[in-house]
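> The primary structure of each chain is shown beneath.
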Amino acid sequence: MLQMKNLAVALALCGAAAAHAADIKVGIALDISGPFAALGAEARDGFELAIEKLGGKLGGQPAEFLRTDFGGNPEQANQLVARYLQRDKIDFFTGPIGSNAALAVGPALFAAKVPYLSANPGPSAYAGEKCSPYFFAQYQNDTYDEAAGKVANEKGYKNVVLIAPNYPAGKDHLNGFKRLYKGAVKDEIYTKLGQIDYAAEIAQIRAAKPDAVFFFLPGAMGINFVKQFVGGGLKDIPLIAPGFSADEDVIQAVGEPMIGVLNTAHWTHDLQNPANAEFVSAFRKKYDGRYPSVYAAMAYDTLMAMDAAVRDVGGKVADREAVLKALKSPSFSSVRGEFKYGVNNFPVQNYYLREVGKDADGRITNKLVGTTLEQHQDAYVGACKM
Amino acid sequence: MDAIFVFEQLLNGLGYGLMLFLIAAGLTLVFGIMDTMNLAHGSLYMAGAYVAARVHEASGSFAGAVLAAVLVTVAVAALLELLVVRHLYRRDHLVQVLATFGIILIADDAVKAIWGVAPLMASTPAALAGPVQLFEGLPYPAYRLLLIGAGLLVALGLYLLVNNTRVGMLVRAGASNRQMAEFMGVRVGAVFSFVFALGAGLAALAGALMAPISSVQVGMGEAILIPALVVIVIGGIGSVRGAFVAALLVGLVDTAGRAFLPPALRAVLPPSVAADLGPALAGIAMYVLMAAVLTLKPAGLFPARA
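Same order as they appear, the protein sequences are chains A and B. So in the UniProt record's numbering, spot 134 of the first sequence is number 134, and the numbers just go up one at a time. So in the UniProt record's numbering, spot 301 of the second sequence is number 301, and the numbers just go up one at a time.
The shape of chain B in the complex, shown without the other chains (with noise of 0.2 Å):
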């Protein structure tokens, strides 16, 4: 094990870590001022993955396959959040699981019947296919170096946007008191819209990115469901730091548990042993993490309450 290997599963870690960010920050907002639970945000992780590998290979042109994904996306998420997911605010948090997971039976279906049951072949941008010589011994794939550029840059655009401008001034303070928010005058409900919005946009963008290296298929969006919320509950609802720091966490732990455990448990253990502990442990890293995190403070390393 020398520092290479260390250092490429780093890389992998933050990797992984942001592109965690950019789904649970829209979940964590829209959980954390509503107090709404969505759990279709998932699908619109996968609307994002599935318009982006469209538009790209009819257009050729990766950046405009970005923009088109957040932008249908969004529209997506408007329609919905007016049709649906504005009569849950009042209601407990049952009536928005059923309902939001009613959403994703039917987008799984929706997107079936538009793109078909097999999974779709998302292209990397050709100039970024191969791998950079990041020094001697480690060619690392130039496409996740843009993902981990490209998820610093939204993380660095959204801590500007929570703490220096007024819309994250409302933001912030119907994530930490949601009633007192509403007597001072805001109009917590276009703030929610707002919030809803950019929520699916990241989520799109998430998809959209992560669409090259992973496979756009159908129940793309449950699967990196769970790791989301584990990233908001480790980073305390609501909080866009705490995510954040959760998401980086989580995406670091979870790497390092795949990379690390199996190699040091067939050093003590029989083969036979290790290879059927290894894979189960690390498979439950990160939830030990959340246990571990939970049981020194409840409410998550960030609560937006205080």
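Extracted from the complex, chain A is given alone in its bound form (with noise of 0.2 Å):
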């Protein structure tokens, strides 16, 4: 009977080895419905190909890439998250589109000292007051706007208006864009989320005449604001907008109209570097033709990212203090060019002008213009006390 249970602790012992040898956990939460659906389904594309190309492993090592879909509810989030971090034991965390589920699970998971590379969202707080040695982002939240607002001074824009959704998001833009722009603020147009018609905010805008137009409105709701700007005449205003409100879920929904639309980004699918054109035509390639989004292209980085760092510790993802330490010293060739982590774990690094055209083909999208700011870092990190 005794050698009936020391057979069964050794094999149970054996069986926990095995397992830990063999896997590496990256819970990814999906965000493919609910309001953050179309960003989602890109991101999730980015991820399959990262996926494709590592054959299933992180820095050689057998892994298991968990992929759960939370609709974009933060509190689906949270529950996600439990089952990740107490059922699964994941290494590595990532998926979240939009600031708030982003800023929901955080705690969790860095409380359980598990590494949250978020594939989308910087949201200010993780970037000042709330920084954590186990969060790292691929850009800040106002960054994009920022880079904004100096390509309206570059362009020598002397009074603009800005428009954006009534919620916090939309003023965090609206400040972001005004941190750097040097003209005037004619009008400051708030609107209702989710809104559909913009009639009564384009006629507005046409009593105002400014020199150009900064627009954030995400989704839907950029997509109906720029048919119906274009659609009532006002086509000769120029429209500039963080790279959100104009990427390619945006673009292939709006179609003509989107031509000439300034907007930002810290990447571009023309951007000129080896491991960006590899991951461009893979992704071509592989979804029939069509251009990545920059959603698609940091879910994709954000796992070469956690390749890296496997490989850098010898595939001891167990030692977090020397995963944290790869992580913050990439050794990997970012789609995005060179970059280099701030003390609060968010990049330092250039910021793109783009500029919606037609390419070769006769496809809209967006096409580099050039660099707007170079090695930028965000404007929260003094608040990080790490």
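It is worth saying that the hints were derived from the structure and are not from the lab. Heads up, some of the hints might be wrong.
[To be verified] If you only want the chain B side, here are some residues facing chain A, beta carbon under 10 Å, derived:
no.: 1; residue: 123
no.: 2; residue: 140
no.: 3; residue: 210
no.: 4; residue: 212
no.: 5; residue: 215
no.: 6; residue: 233
no.: 7; residue: 256
[To be verified] Non-contacting residues of chain B with respect to chain A, defined by C-beta distances greater than 10 Å in every case (computed):
no.: 8; residue: 67
no.: 9; residue: 76
no.: 10; residue: 101
no.: 11; residue: 168
no.: 12; residue: 241
no.: 13; residue: 295
[Unchecked claim] Far from chain B by the CB rule (all over 10 Å, computed), these chain A residues:
no.: 14; residue: 74
no.: 15; residue: 129
no.: 16; residue: 159
no.: 17; residue: 316
no.: 18; residue: 318
no.: 19; residue: 325
no.: 20; residue: 341
no.: 21; residue: 357
A virtual CB, placed ideally from N, CA and C, is assigned to each residue, including glycine.
Once you've looked at the hints, go ahead and assemble the two chains, each given alone in its own frame, into the complex.
This is the structure in structure tokens:
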């Protein structure tokens, strides 16, 4: 009887050891239904491509990529993360598209010492006061807008009208724009979240006669706004936006009226570097010729960063200190090109100006115009005590 | 704030109001005649928009797309009436609300399954994509002028149908006193099926016409349903004339609230307070209108039941 017991214990130990050596677990919270569905689907495509390229491994070690949809709901994201932590014992986490979900799941992950590599949002709280050694960002939310403000200066726009939905992120984005913009703000229009008809606002813009309009209207709001703006005969007033309001999802839905929209991002599909060229061509091959959006690029890059970190620590992901150190000095070629992390684990990187136009095949897409901000750091880093 | 700005806002309010009228007309008749609450009316609007966007993309003909949208939606509505709504006539409102809310959920998921979650691109017909110079200083989208024209035509047609035809007489009889109409030998069931299909057709027309200027996406029906309900409550349930007047009122008040309130507030308040208060007040303007109307006329502006 005793022998049986020993045998059972030995078997259990073996099993545990085998499982431990076999699996590096990555918890991916997908955002493929709910408010961010279109963007979440882009990110999912980026993850899938990366997993394919890595052959289902991380740093040469067998890995398991857990993928579950949480529908863009922070409450559901919390439940999913609890499950990932307690049942699956994940080693890395990534996925959510919205800042609200990122803020909701952070504390549990940081307490469990699981590195959270954001595949999209970089909320100001995590860049400043609530910064954590376990959180790694792709960009800080406001930096796109800061770059857009600089673009407006360079283009010589003396006065602008700003428009955003009336919710916290809308105000953050407009404040980001004003941080570097030196001209006059003629009007600041806040609309209802989810508004579909912009006729009243367009009349206000027509009456204000600004040099340019800066808009942050994610998803369907931006699609409607741009269509109606051009249909209303305001085509001669330039539109500027952070990259989120003028990425592939919006461009394909709006079509022709998007042409000429100026927007800023830390990555673009025609950025010249070998890693990016490989990513973009693989993506277009896998997904019938369509260009990747910044969401797909970041999702892809996130898994590449994990891959490099696991390789750097020789597969010993249980040593979290070493993993964090490896993540902090990335040894992979990012699709965005050169970057490094600031004290708060938010990147110091270039931001580019893109303009919507047509490619050689007549497909409407973003084209790189130039570098707007070089090795730019976010405005909140000073508040991070780490 | 000059005359052009005010005039443009009036046109905007008129256009929005007319589209609301197309949706509210069907809703108010169904509710007025059979005392049946149909929350799924917004889903018919969504169906119209999706079919129109798809057919327009595939065939290139906008008129054909609108026609297809109306026909397909009417067919779907007829099926819906036969299978579900017909069994709800004699049940209480809670059952109707629950059942039709269920239809909304099913419709949203069906649309996701057929067309995917990403919003569809519905292009404006090429001939109407640009602006029309109404007069010096006001280029106005040609497509919005079409909307206003179509809305007015349908309103006129509906007015003639309800007031000058035998079917219209039966509809009015059913709305003002259903039991009495039944006693007089009107087959209210048949009238109702007709009204339900008519309402669905109007909602589909609104959806098809709105598709190019709004985004065709899952949930668009729920977003438009709330202002449509406000319209029928203000207008008086069951009254087409009431729905027309109320839709124009709501359209104008909503547009005016968004256009004139924030600048007016900025003139008297500090900018940060005005930025918070303006959109909030503009958003509730139509509900304030509804509260005001109900205080003065609890049955709405033109109650169908005397």
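> If we take the beta carbon of residue 316 of chain A, is the closest beta carbon in chain B still more than 10 Å away?
40 Å, holds
> Please confirm whether residue 74 of chain A is truly not at the interface, meaning its C-beta sits more than 10 Å away from all C-beta atoms of chain B.
It holds; residue 74 of chain A is separated from chain B by about 19 Å at its closest Cβ, greater than 10 Å.
> Does the claim that residue 325 of chain A lies off the interface hold, with its Cβ farther than 10 Å from every Cβ of chain B?
40 Å, holds
> Using Cβ atoms and 10 Å as the threshold, tell me whether residue 168 of chain B really stays out of contact range of chain A.
With a cut-off of 10 Å, residue 168 of chain B remains clear of chain A, as the shortest Cβ separation is near 31 Å.
> Minimum C-beta separation from residue 357 of chain A to chain B exceeding 10 Å: can you confirm that?
18 Å, holds
> Non-interface claim for residue 318 of chain A: all C-beta distances to chain B beyond 10 Å?
38 Å, holds
> At 10 Å, judged by beta carbons, does residue 241 of chain B keep clear of chain A as stated?
Holds: least Cβ distance 25 Å, greater than 10 Å.
> Tell me if the interface restraint on residue 215 of chain B is satisfied: Cβ within less than 10 Å of some Cβ in chain A.
Nearest chain A Cβ about 4 Å off; hint holds.
> Can we keep the residue 123 of chain B interface hint, with Cβ of chain A closer than 10 Å?
6 Å, holds
> Say whether it holds or is violated: residue 129 of chain A keeps its Cβ farther than 10 Å from all Cβ of chain B.
Check passes; 22 Å lies beyond 10 Å.
> Would you check whether the claim that residue 341 of chain A is not at the interface survives, using Cβ distances to chain B and the 10 Å cut-off?
Answer for residue 341 of chain A: holds, closest chain B Cβ roughly 33 Å.
> Are all beta-carbon distances from residue 101 of chain B to chain A longer than 10 Å?
19 Å, holds
Figure legend: structure checked against the earlier numbered hints; the only hint not met is number 6.
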